[in-house]
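Chemist: This is what each chain is made of:
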Amino acid sequence: EVQLVESGGGLVQPGGSLRVSCTVSGFTFRSETMNWVRQAPGKGLEWVSYISSGGGTIYYADSVKGRFTISRDNAQNSLYLQMNSLRDEDTAVYYCARGGFSYENSTYYDYFDYWGQGTLVTVSS
Amino acid sequence: AIQMTQSPSSLSASVGDRVTITCRASQDIRKDLGWYQQKPGKAPRLLIYGASSLHSGVPSRFSGSGSGTDFTLTISSLQPEDFATYYCLQDYNYPRTFGQGTKVEIK
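Quick mapping for you: the protein sequence lines, in order, are chains A and B.
Start counting the first sequence at 420; every next residue gets the next number (my numbering).
Start counting the second sequence at 307; every next residue gets the next number (my numbering).
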């Protein structure tokens, strides 16, 4: 059974730092791309960051670029998001999501096929 | 970044109704679009990928169509468990962008 479990959320002051983690099981983690997606209270979904299977390719949303760092430890089946210079607007539930894909009609299609339950990060003084 | 615009933002429907949600991209994204369902307090769930391919385990009453800039999610006969918020997501390029969501409520 595929499982993704986030941890590390909590209350942090504006300007502070926090690292959230996602530990996975049930699939070969080192072979899969991973993402972070967040959702502010009562709001929609916002993609945050992507990391390739080997960690060599990384993307960020403009809203977090320069402040957040995505990383992974394939030996530990773990994904991380280091969040620095936190702002009130970073308050959200943070989900990790596996990047799956299908090859159909000579085309690759990407999607987020497995998600964790989320961890709440609250930025407040 | 590609802008994804969903409509409507909310709708009220009855069990058994046919429901249609649309998503428009600000540029051509071919068929690189997925649809996700989210219930309160839960993680999103993949329904459709590649604009029209049904993800494993998803009931056949869900279907997707479209290509280029205009896409549709259809629920052919709304069931009680389908009351939720639905999001489109473009996977054409980075940054990935979601639509703002459509909340399907009970009439």
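A portion of the hints provided could be inaccurate.
[Stated by the list, open to error] In silico BS3-like links for lysine-lysine, alpha-carbon gap of 30 Å or less:
#1 B:Lys345 x A:Lys462
#2 A:Lys462 x B:Lys409
#3 B:Lys345 x B:Lys413
#4 A:Lys484 x A:Lys462
#5 A:Lys484 x B:Lys413
#6 A:Lys462 x B:Lys348
#7 B:Lys348 x B:Lys409
#8 B:Lys413 x B:Lys348
#9 B:Lys413 x A:Lys462
#10 B:Lys409 x B:Lys345
Since the hints were made in silico from the structure, they are not lab data.
Small disclaimer: the values here were computed from a predicted structure and weren't measured.
Chemist: Hint by hint, work out which the structure violates, then give me just those numbers in ascending order.
Modeler: 5
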